[in-house]
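J.: Each number in the working numbering comes from the position in the sequence shown (counting from 1) with 11 added on.
Do not take every clue at face value.
[Stated by the list, open to error] Each computed DSSO-like pair below joins lysine-lysine, with the alpha-carbon atoms no more than 30 Å apart:
hint, residue 1, residue 2
1, 274, 237
2, 237, 306
3, 193, 294
4, 41, 54
5, 193, 288
6, 369, 281
7, 294, 209
8, 241, 306
9, 306, 193
10, 237, 288
11, 125, 62
12, 306, 216
13, 353, 41
Rather than coming from a laboratory, the hints here were simulated on the basis of the structure.
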Amino acid sequence: MRIFGILLKNITPKQIEYYSRFSPSPLSIKQFLDFGRDNACEKTSFMFLRKELPVRLANTLREVNLLPDNLLSRPSVGLVQNWYIQSFLELMEYESKSPEESGVLQNFLEILIKIRNRHNDVVPTMAQGVIEYKEKYGFDPFISTNIQYFLDRFYTNRISFRMLINQHTLLFGNDTNPAHPKHIGSIDPNCNVANVVKDAYETAKMLCEQYYMGAPELEIEEFNSKAPDKAIQVVYVPSHLFHMLFELFKNSMRATVELHDEKRAYPPIKALVTLGKEDLSIKISDHGGGVPLRKIDRLFNYMYSTAPSPSLEPSRAAPLAGFGYGLPISRLYARYFQGDLKLYSMEGVGTDAVIYLKALSSESFERLPVFNKSAWRHYQTTPEADDWSNPSSEPRDASSYKAKR
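Working from the sequences, and respecting the hints, build out all of it.
T.: And the structure:
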């Protein structure tokens, strides 16, 4: 921390302010793929990342400062903020260095790995900060809206930051996974969707069986409108898809097992994978009792969590529960490359969760937050009175109101 204190004194707000003036440059999966496959050049990647990574960090750092002071003062939030400033500082050391200089490319690669490792616990640490804030100051609908807006953008930025770093380290470092020699960085040019579905199911099933001593079976079906006799493949990041599917299977298994626990005969979870001209869609259907309509939006809200606050110690973590961030962050993964994740539930029956992805890699552009006046105004807007009727908590007894004669 002493070393970081010395570094922090050398930073000028002008550096962050300067880089935050630039908008991030979104890339498509096709651009990632073409660069990695056809003309991967470490010097070119270095020249791009030494500017792009600080831009993305600066945009986030400017936005962090717009959070309520009571949230910024939480120790966990301050820790995350320090991580981001420190990473920004380390990247600034390469601002004017030439890739031709001896050792620059190797040192840059090592600093990227160091930064990535530093940011490994950003999600649970920021979640802990929100919990600390909520426990001390309670729930405020207006503040909650701003925190929701910020965290969606903050975590999306983190996904993009790690994507850029992973591509560089996998292409030019020693991170290559021998199990996936055909991957271009973290991208699989021929990602078999059904196989990822099965992998995510098996992993969730293992956890479910450990915790509940049983798990629903999986029934999977494919419908390929482009080539009916072929398995559905897509150019995508398998780890992103796995993350989304694993979360959905965990939720479906938990709901199904807890609803049908006495019977010990669980209805299967069904997965339908479809490919059209524009969309690749994956539907996960369960008979876990469903969720009331009024609660659907809460499932994506960081300030609402139905699970008890987890411990940050892995040994004490509940297998199928956590901070309640699984669904909102899974939706961010889907939206990151212009897709989406939606829930359709029928209370008393079950839930359909649908992941939408772009079928074409050329249309799968990064969806990135930009710090600008529109974003700034979002945090300054004061809450307005609702312009729709809002029922009171207790319905009026019409019989007690009599017309005057």
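J.: Now look at each hint and say whether the structure bears it out.
T.: The hints, checked one at a time:
Of the pairs offered as hints, the one joining residue 274 and residue 237 is violated, with about 42 Å between alpha carbons and a cut-off of 30 Å exceeded. With a CA separation close to 37 Å, the supplied pair residue 237 and residue 306 exceeds the 30 Å bound. Note on residue 193 and residue 294: the hinted pairing holds, with a Cα-Cα distance of about 27 Å set against a maximum of 30 Å. For the given pair, residue 41 sits about 20 Å from residue 54 by alpha-carbon distance, which is consistent with the 30 Å threshold.
The straight-line distance between the Cα atoms of residue 193 and residue 288 is roughly 25 Å, inside the 30 Å bound, and the hint therefore holds. Distance check on the hinted pair: residue 369 and residue 281 sit about 22 Å apart at the alpha-carbon level, within 30 Å; holds. Distance restraint check for residue 294 and residue 209: the Cα-Cα separation of roughly 13 Å lies within the 30 Å cut-off, and the hinted pair is therefore satisfied. As the CA atoms of residue 241 and residue 306 are separated by approximately 39 Å, the hinted pair breaks the 30 Å bound.
Among the hinted pairs, residue 306 with residue 193 is inconsistent with the structure: their alpha-carbon atoms are about 43 Å apart, more than 30 Å. Pair hint residue 237 plus residue 288 holds up; C-alpha atoms about 7 Å apart against a cutoff of 30 Å. Taking the CA atoms of residue 125 and residue 62, the gap is near 18 Å; set against the 30 Å cutoff, the hint holds. Between residue 306 and residue 216 the CA atoms are separated by roughly 26 Å; this keeps the pair inside 30 Å, and the hint holds.
Among the hinted pairs, residue 353 with residue 41 is consistent with the structure: their alpha-carbon atoms are about 25 Å apart, no more than 30 Å.
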